[in-house]
Amino acid sequence: MSGSTPAVDANRTRNRIFVALGTLVIVATYLYLILAQPEELAEGGLGTSALIALAGYLIGAGLIAAGAIHRLPTATLSLIPIAIVLNIAVGQLTAVLGLPLYLDSIGTVLVGVLAGPAAGAVTGALTNVIWGLTIGPIALPFAVTAVVIGVLAGYAARWGMFRRFYLAPVAGFVTGIVAALVSAPIAAFIFGGATGAGTGAIVAAFQAWGNSLLASTTLQGLLSDPLDKTITFTIVVIILFALPSRLRGRFPFVRQYNVFGKVAPVAPAEPAAPAAPAAPAEPEAPKA
Amino acid sequence: MTTLYLERASAVHRLNPVTKLVALLAIIAIVFAVPQWWIPLGIVVLVVVPAAVLARVGGRLLRLFLILLLPLLVVLFIVQGFFFPDGTTVLWQWGPARLTVEGLVFSLTIGSRLSALVLGSLVFVLTTHPARLMTALTQAGMSSKIAYVISASLQIIPAFQERARSILLAQQARGLEIAGGPLRRARALLPLIAPLVLGMITDVDERSTAMEARAFGATPRPTSLTVVDDPLSERIGRWLLAAAAAAVIVLVVVGVIA
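So the sequence lines, in the order shown, correspond to chains A and B. Numbered per the working numbering, the first sequence spans residues 1068 to 1355. Numbered per the working numbering, the second sequence spans residues 546 to 803.
No wet-lab data here; the hints were simulated from the structure. Hints are not guaranteed to be accurate.
Short, incomplete list of chain B residues facing chain A, as computed with Cβ under 7 Å [unchecked claim]: (1) 555; (2) 557; (3) 563; (4) 564; (5) 752.
Over 12 Å on every C-beta distance to chain A, these chain B residues come out as not near it, computed from the model [stated by the list, open to error]: (6) 559; (7) 583; (8) 587; (9) 603; (10) 609; (11) 616; (12) 705; (13) 715; (14) 717; (15) 772; (16) 777; (17) 783; (18) 784; (19) 785; (20) 801.
Remember, it's a predicted structure, so these values are computed and weren't measured experimentally. In this text, a Cβ means the ideal position worked out from N, Cα and C, and glycines have one as well.
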C-alpha cells in the first residue's frame, strides 16, 4: 500500500526476473528428472539426478523467495513469522498427537490466502529454513514443496476458491497433487524413498509391486499429500470464516481480489472496484 | 534456546558464518556430484566429525545423529536393500523381499550422501548463532527483510508456546478433551488453533505499525550495530572452496570421476 517507496519500484523488474527464473528452474528440474532419470538408473547408478534435484530445487525456491519478499509490505512481513511458527507448532503437535498426517503448512496456506502467492512462497521457503535451524536440517531439501503450496494457496484465493466453504478443500486436494509430484524426486533421489518409517514402508510396498523408485515415491506422495492438504485447506477456511471480517478486510490482497466473496459494506470504494468482475483470471499487474 | 546452537569458545564458532555456509554448500555439492559412496563417508569422517570435535559439539552431534539420522538410515537400508526395483544379484530372498547387491550399493550411496548433508548442516547449525548468521548474511548482501523474518520467527517461538499452553488450559477448563482416539484428538486441534491465530493476527497490526514508525525497510542499506569481521584469509578460503566444488562437478560431468 503506502509502503511502496521508489527504491522498491527500481528493483521491480529484477524481482520479476528472479521469480520467473526461479519458476523456470523448478519446472526444468522436474521435467529433466522425470524424463532423463530412467536411462540413468538403467546405467546402474544415480548419475547426476540427486545433484540436479537438490541444486535445481533449492536455487529455484531461493530465487522465488528472494524475488517475492521485496514485493511485500511491512504488514505482511510481520504476519509471516507468526505463520512460520504456526506451521512448526501445529506440525509438531500433529506428530505428538500421533496423527498420520503432516499438517505442517497451515500457516503457509493462511498467509497465501490473506496476502497472496508471493507472501505464501516466502512463508513456505523460510519455514523450512527455520525448521533446519530449530529441529533438524532434514526438511530443508523439501523447501520447494512449501513454496509451491504457498503459491498455489495464493492463486486459489485469487481465483475465488475461498468464497465458498466447500471449494477450499477442492483447492487443497489439487495443491496436494502438485505438491506430491514436485516432492517425489526429492524423496526418491535425495532420500532414497526413506523420508520416514510409515512412508518408507509404503514406498517399499510399491517397489515390491514392480514400480520404479521415482514412481513409488510419486504414488506414496499421491496417497498422503492430497488428503493432508485437503485437511489443511479445510482447517484454514474454518479459521478464516471464524475471523471477524474487520480483521480479514485489513489485508489489501483480500480486498483487491475479493477473496471471501462478500464485499464488506464498510470497505472503501476504490479497493473494492477492481474486484467487481467475478474471479479475475489473469490481472498480472494489478497496480501500475 | 529453541535453536540447536551451542555456545562454545572454538575456532569453528569464531569463523565468519558465511565461510561456514560456503563450506557446507561446497561439501553438499561435492557429495551429491560424485558417484562413489566412500567419498561422502570420507568427508564425514575426515572433515565433518573433526570439525564437530574441534568445536566441542561432538556429543550433541552424536545424540542428534541417533535421533534424526539413524532412523532414516535404517528405513533406507530396509526399503532399498530389500525392495530395490532394479536389483538383479539376489543374495537372499523371502517372499517379495529380495536382498540385492545393487540395492545395498544404492542404499550405501544415498546413506553416505544423506549423512554428509545432515551431519554437515548440523555442525553448521550447532556452531553458528542465528543472529550472527543473519548479520553476516546481511553484510554479504542479503535482504534485511529475510533477516527480519527469520530472526523474528525464532524469537516468537517461546511466546507462541506460552500462548498455546494458556489456550489449551483455558479450553480444557471449558471441557475440551484432548485424550481419546485419533479423531477426537484431531477435533481438539481446532479449538486450539482458532484462538491462537485470531490473537496472532490482532498482534500483527501493532507490530507492523511499530516497525514502520522505526523506518523498517526505508533505507536500502542501514548500518549495523554489530559487525561480524570477515578477514581476507576467509574471503580467499571461500573462493577456493567454491572453486573446488565447481571443479569436482565439472570433472564428474566431463567423466574424469566416474
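Evaluation of the provided hints:
no.	hint	in the structure
1	555	violated, 19 Å
2	557	violated, 17 Å
3	563	violated, 15 Å
4	564	violated, 18 Å
5	752	holds, 4 Å
6	559	holds, 19 Å
7	583	holds, 14 Å
8	587	holds, 18 Å
9	603	holds, 17 Å
10	609	violated, 7 Å
11	616	violated, 7 Å
12	705	violated, 5 Å
13	715	holds, 16 Å
14	717	holds, 15 Å
15	772	holds, 22 Å
16	777	holds, 27 Å
17	783	holds, 18 Å
18	784	holds, 19 Å
19	785	holds, 20 Å
20	801	holds, 14 Å
Of the numbered hints stated above, those contradicted by the structure are hints 1, 2, 3, 4, 10, 11, 12, listed in ascending order.
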